[in-house]
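Mind docking chain S on chain X? Use the hints.
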Amino acid sequence: MTEPRENLLEADFELGFTYTRSPGVIIGKFLAALQQQQIYGIRANDGTVLFPPTEYDPRTAESLHDFVPLTDLGRLLYWTWIDQPRDHHQISQPFAFAMIQLDGADVPFLHRMFADSAEHLSVGMAVKVQWAEQRRGAITDIHGFVTAEGEQS
Amino acid sequence: MSNHRVAICGIGQTERYRTKLTCSLAGLVREAALNALADAGCDWSDIDALIIGKAPDMFEGVVMPEAYLAEALGGVNKPVIRVHTAGSVGGSTAIVAANHIKSGLFKRVLTVAFEKQSESNAHWALSPSMPFRPHFNSGAGGMFAPVIREYMRRSGAPEDAGCYVAVKDRVHALNNPHAHLHLPDIDLDTVKNSPMLWEPTRFLESCPSSDGACAMVLAAESHADTSAHKPAWVHAMAMRSEPSFYPWREEVNPEASRACAKDLYAQAGITKPREELDLAEVYVPFSWFEPIWLESLGFAESGQGWRLTLEGATSRDQGGDIPWNCSGGVLSSNPIGASGMIRFAEAALQVRGMANKRQVDGAKRALGHAYGGHSQFFAMWIVGAEKP
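Same order as they appear, the protein sequences are chains X and S. For reference, each letter of the first sequence is one residue, going 1 to 153 in the working numbering. For reference, each letter of the second sequence is one residue, going 1001 to 1388 in the working numbering.
Isolated chain X (complex conformation) (with noise of 0.2 Å):
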């Protein structure tokens, strides 16, 4: 039995206040570099690099300050085709999310792969970013990933 709705009142409420965000140097420096084209991952305490850059090691705690450039190139580990896109995809054509792992960073992680269809995908395939068009010192300047078989990795 659905509940009568008459008599029951509702009213629009939208809550918003522009905040001001400080990501500070370490994150605000990878940022930064990415508007630039450039591509940074961090050093942890045990010799592996992280990309995306953390400001504290995720083990120890310790501050992470040995920043290590790297390419646009990297490695397809595994993903999930989202064949029919819908409106927050923000996006129309079909894509993966995908778990990427660049080449010279020992972890993976999430971004948008695209591609004809799912068939071309296969693991440890090369990959490249494919940069977005305007740039603003965030992780949405990285479009997403291509493939890059056929070329050097």
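If you're looking for bench data, these hints aren't it; they were derived computationally from the structure. Even glycine gets a Cβ: it sits at the ideal position worked out from N, Cα and C. There could be a bad hint or two in this list.
[What the hints assert, rightly or not] Simulated DEER-style distance windows between Cβ atoms:
1. Ala1259(S) <-> Arg135(X): 37 to 47 Å
2. Pro1243(S) <-> Phe17(X): 19 to 29 Å
3. Leu9(X) <-> Arg1249(S): 49 to 59 Å
4. Asp1321(S) <-> Lys29(X): 48 to 58 Å
5. Thr71(X) <-> Lys1357(S): 48 to 58 Å
6. Gly1362(S) <-> Thr18(X): 45 to 55 Å
7. Phe17(X) <-> Arg1154(S): 36 to 46 Å
8. Val68(X) <-> Val1076(S): 16 to 26 Å
[What the hints assert, rightly or not] To give an idea of the interface, some chain X residues facing chain S are shown, with a C-beta separation under 8 Å as derived from the structure:
9. Leu15
10. Phe17
11. Thr20
12. Ser22
13. Pro23
14. Ile27
15. Lys29
16. Ala33
17. Tyr56
18. Pro58
19. Arg59
20. Phe97
21. Met99
22. Asp103
23. Phe114
24. Ala118
[Said to hold, decoys possible] Sample of chain S residues lacking proximity to chain X, with all beta carbon distances greater than 10 Å (derived):
25. Lys1020
26. Gly1027
27. Glu1071
28. Ala1313
Chain S alone, transformed into the frame defined by chain X:
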């Protein structure tokens, strides 16, 4: 509950409580945490649990910041707990942390409280426009102005008594390198001539908007000897709450405030706080809350609190017998979520003899106090140089 002694053996603060655009939220919190660990002679691996406090998430727009702060605070693979009691949260966070030692559950906890007001606007966050009700847009200052007016009416205090507090705490702040405001030229005329914001509260009778964090390492007696300095000891602690609004609520001298102080003094065996305590760090974000709390906390008879202020009893610089807010208080630095913990930590620094230029000579026992919400959340502790 077991009743283990609780030692405060490490205290860390942000170098200065002012706008920090060059550091992230995590960096801000971490600075205080590292300073506390250094004071305690400990590192991350010595800490059993992490107790974090901050004011409402809407103040910075970061939802559940404790989740993202775990790695910056060495919280990986440890219990991380968030405490939330509005402006009193820095105090209640310290109490929650202390109870984890008192109960015997942990040997050493790191407790941290913070706010980065430069990233937001607390006035907005406290006064959003909501459906089905008028938009008062009052902020904290507007909320408390009628309470202050009522105090003035009842007590017959002179109109400028609040200005004395505003000057006194800013003069105190000159001795505190951490204080946000350093106003060396402040005097009564400067305060009186500053703009009226929420009558009767003027601009210079109000706290600033600050960035900062405060941290403490609390330890069981068996683990209290790692610092190069002697610890402070928790002698008593209490928290009380009451609703925001109800018709018979006593807003000038809230029931929860009186009950909290009564419980606290009973635990510490104190009957005359003005005589038995050496100093107090009390949450005074608007000048008139010094006389208001002097009375509610039993330092003065009802209606007489303002006389202590005018006589200089609460001024360290004037040699008062019961200095209040030698650090400069909330009137000189207000990173909201941290402000209560700063009060608790400054009280502990004093009884450790580590307050440098703001030290009260020979301080043995001190009160740390915080309140929040609509004067509805209270957290207090008494710390001492000797074991309880």
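Hints, verified against the model:
1. Ala1259(S) <-> Arg135(X): 37 to 47 Å: Since Ala1259(S) and Arg135(X) have Cβ atoms about 58 Å apart, the given range 37 to 47 Å is violated.
2. Pro1243(S) <-> Phe17(X): 19 to 29 Å: Holds: the Cβ-Cβ distance is about 27 Å, inside 19 to 29 Å.
3. Leu9(X) <-> Arg1249(S): 49 to 59 Å: Violated, since Leu9(X) and Arg1249(S) (Cβ atoms, about 28 Å apart) do not stay within the stated range.
4. Asp1321(S) <-> Lys29(X): 48 to 58 Å: Distance hint for Asp1321(S), Lys29(X) holds at roughly 53 Å.
5. Thr71(X) <-> Lys1357(S): 48 to 58 Å: Once the Cβ atoms are compared, 54 Å apart, the range 48 to 58 Å for Lys1357(S) and Thr71(X) holds.
6. Gly1362(S) <-> Thr18(X): 45 to 55 Å: holds, 50 Å
7. Phe17(X) <-> Arg1154(S): 36 to 46 Å: holds, 37 Å
8. Val68(X) <-> Val1076(S): 16 to 26 Å: holds, 22 Å
9. Leu15: holds, 6 Å
10. Phe17: holds, 6 Å
11. Thr20: holds, 5 Å
12. Ser22: With a minimum Cβ separation of about 5 Å from chain S (threshold 8 Å), the hint on Ser22(X) holds.
13. Pro23: Holds: closest Cβ of chain S sits about 6 Å from Pro23(X), inside 8 Å.
14. Ile27: holds, 6 Å
15. Lys29: Nearest chain S Cβ about 12 Å off; hint violated.
16. Ala33: This hint is violated: Ala33(X) lies away from chain S, its Cβ roughly 17 Å from the closest one there, beyond 8 Å.
17. Tyr56: holds, 5 Å
18. Pro58: holds, 5 Å
19. Arg59: holds, 7 Å
20. Phe97: violated, 22 Å
21. Met99: Violated - the Cβ of Met99(X) stays beyond 8 Å from chain S, reaching only about 20 Å at its closest.
22. Asp103: violated, 25 Å
23. Phe114: violated, 30 Å
24. Ala118: With Cβ-Cβ at 33 Å, over 8 Å, it is violated.
25. Lys1020: violated, 7 Å
26. Gly1027: Given that some Cβ of chain X is not farther than 10 Å from that of Gly1027(S), nearest at about 5 Å, it is violated.
27. Glu1071: violated, 5 Å
28. Ala1313: holds, 41 Å
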